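**Student:** So the chains spell out like this:
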Amino acid sequence: MRSFCFVGLLAGLCICAQVPASEAREIDFKSSTQFIWGDDLRGDGEPLLANYLKLDYLKDDEKISLNAYGRVWKDFGSNKVRRHDDVFGRFYYLYADLEYFESTSLRLGRQFVNYSADSSILDGVTADFHDLYEHLGLAVSAGYDVKYGLDTDYSSDQDLMAGFDFYLKGYGATRLEVGYMRRYDGTDIARETFGLNASTYYKYLRPYTELRYSYLTESFDEAVIGADIMYWDKFKLKGEYYQSYPVFDATSIYSVFAVDQYREYLAQVDHFYGSKLTMLYSWKWQVYEDNDTASTARVGGRYRPTDKLIASAALDCRDGYGGRLWGVELYGDYRYDEKILVSAGMQSDVYHRPSDTEEWRDATRIWGGVRWSIKEDSSVDLRVEDNYNETFNNRPVVRVTLDVSF
Amino acid sequence: MVLRIVLAVAVQAILLSSVQAETPHEFFADASPAECNKCHLDNKVATNHGALWTLEHGPYADKKTSLCAACHEQSECLDCHYGGGIGRDLHSSTSGADYMPKSHRSDFRELHPLKAKESPQSCVKCHDERAYCARCHEKFNNADLSVLSHRKGFSNLEVESGGPRHSSFAQGQCANCHPDSVLPKHEWSASHAREARKNLTSCRACHPEGAVCLNCHSAKTGLGRNPHPKDWSSIAPKLEGASNRRTCNKCH
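For the protein sequence lines, the chains are A and B, in the order given.
Following the numbering used here, the numbering of the first sequence begins with 3 at its first residue and continues without gaps.
Following the numbering used here, the numbering of the second sequence begins with 249 at its first residue and continues without gaps.
Because the hints were derived from the structure by calculation, they are not lab data.
Bear in mind the structure is a predicted one, so any value in this text is a computation, not a measurement.
Backbone N, C-alpha and C define an ideal beta-carbon position, used for all residues, glycine too.
Each hint can be trusted.
Computed footprint of chain A on chain B; a stretch qualifies when at least three of its residues, placed anywhere within it, have a C-beta under 8 Å from a C-beta of chain A:
{"hint": "1", "region": "285-292"}
{"hint": "2", "region": "345-355"}
The list that follows gives simulated cross-link-like pairs (lysine-lysine, BS3-like), each with its CA atoms no further than 27 Å apart:
{"hint": "3", "chain 1": "A", "residue 1": "171", "chain 2": "B", "residue 2": "286"}
{"hint": "4", "chain 1": "A", "residue 1": "286", "chain 2": "B", "residue 2": "373"}
{"hint": "5", "chain 1": "A", "residue 1": "310", "chain 2": "B", "residue 2": "286"}
{"hint": "6", "chain 1": "A", "residue 1": "341", "chain 2": "B", "residue 2": "350"}
{"hint": "7", "chain 1": "A", "residue 1": "377", "chain 2": "A", "residue 2": "341"}
{"hint": "8", "chain 1": "A", "residue 1": "278", "chain 2": "B", "residue 2": "350"}
{"hint": "9", "chain 1": "A", "residue 1": "240", "chain 2": "B", "residue 2": "292"}
Using the sequences and the accompanying hints, generate a full structural model.
**Tutor:** What follows is the structure, encoded as structure tokens:
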């Protein structure tokens, strides 16, 4: 994204700063300036400076709000991975919410939409009719799909997408969304997807489902059906089925190829030992076609002995089609006092891919960090990390961060 | 068919279920997870935000009807899914200026080939294959790849012992020796097809436009192997109409 977007964000801030106090209601501004020093993927030094900015402005009459979130960064390193030498900017969202009609709101600009049929960051417009009929609402969106690369983001008039979502809200604890989304590639239709997202609570049972159906390929792109059971005081059981059938744009050559369906069966138990300890045991059975299967078992826990300390650990093991992996993860936070937070962690994995003739490979990451809250609205972080894997004997990364908000 | 029956039953069960009152969650935005769990456990309401919340939150995530906005800002979604860093904690790692979700651990560049096989669509939820994956994958030599069929490419195979390599022939000459698209040795083609069907999304990471596929799978030239799925006759008219024959014309 071009650096003028950062200038645009600054301009927006200046405009908001000029709003008379009698008209302004609330401006929330947060800035995170980060200096990251480490090696890039080739082992060359890659110091970079980044600034993340977030702005929320609500006009006094609460009929207009402006929300923006973006970053700007410069890579001072070798540029062997990132090809450019400029200051780069990126907007995650930049939109205005208009609430001039009682039960209708309008959102204009770059925004994140997450409907039952599809989700995207798009440059466009969303109209939300909150009270179409009793508990029923309707959201309609149209715009250009934004794509994020390694160091760019762009939207093109060739990537139009449009859709809607009917939603049930306020009907107790039952949620239901039914929607449709269409994506274009130029003037041709790339995808047409119907979606359904539903969940409810019935006594101790919480069934849920999320379905996405591709109209062009007559297949379920993704389907999740599951249920949580809280019949016992100390246990939660989860059973879930997931299937996936890759769908490609109709304008892509990949849309004509035969693909296999992927399925998962999950069984999980959460065990609550009072309020201080939670353990988790899960087993996932993965089914590919041609009689290929794999399974992943995971054991984990989260322990909070005091209000100041929290520690988490997880061990997982995967075996079957695609490779074998043993992984362990440990991390924790300790609040020394109201100003100092100390964190540390470790992840270690040993793995073996089917094509490997050598012994198992390993990858480990360890880190430690401290956060000092200078005042209520400002803080400084220091984080140090090191990596050991097949490519690097060690690859340190240091991050220093200054957060300011008002 | 089974899925449709389950869907119909689920919808009816949801609509006919007793309506439980829901407590607004805005009041608990600053509560600790332990406090949240206690209330849920006391009332036998399924908990969430557990140890695997990073992997479980998809179906809950902020649709129009979810409760996420009571405690979370939209920027938090984008911090994980699009590399933002304004709400990061001390455990989050970065790849350059991009923050990675916690599921990307232990140098994910090493592990992601294995993780990508767990669910073919997990990567594309955040990454565009052409804008993101191909930028790294295009730098690889075939011999460094773990995909088995790429280590036994046919280009260097000799037609017969001591004969010319396949790479010396043009695409239009394939049918001269391989009538009816039959290959004398099936090891390479069978393993390649098997790998591609299971994770075609990975293929696209190195071959974003799929041009290399047409060497064998075009009806106009090359080997002419049929790549279509079994239900092709049913879906072909829809894809043809949607793409205005643009895709069809690449091979036919």
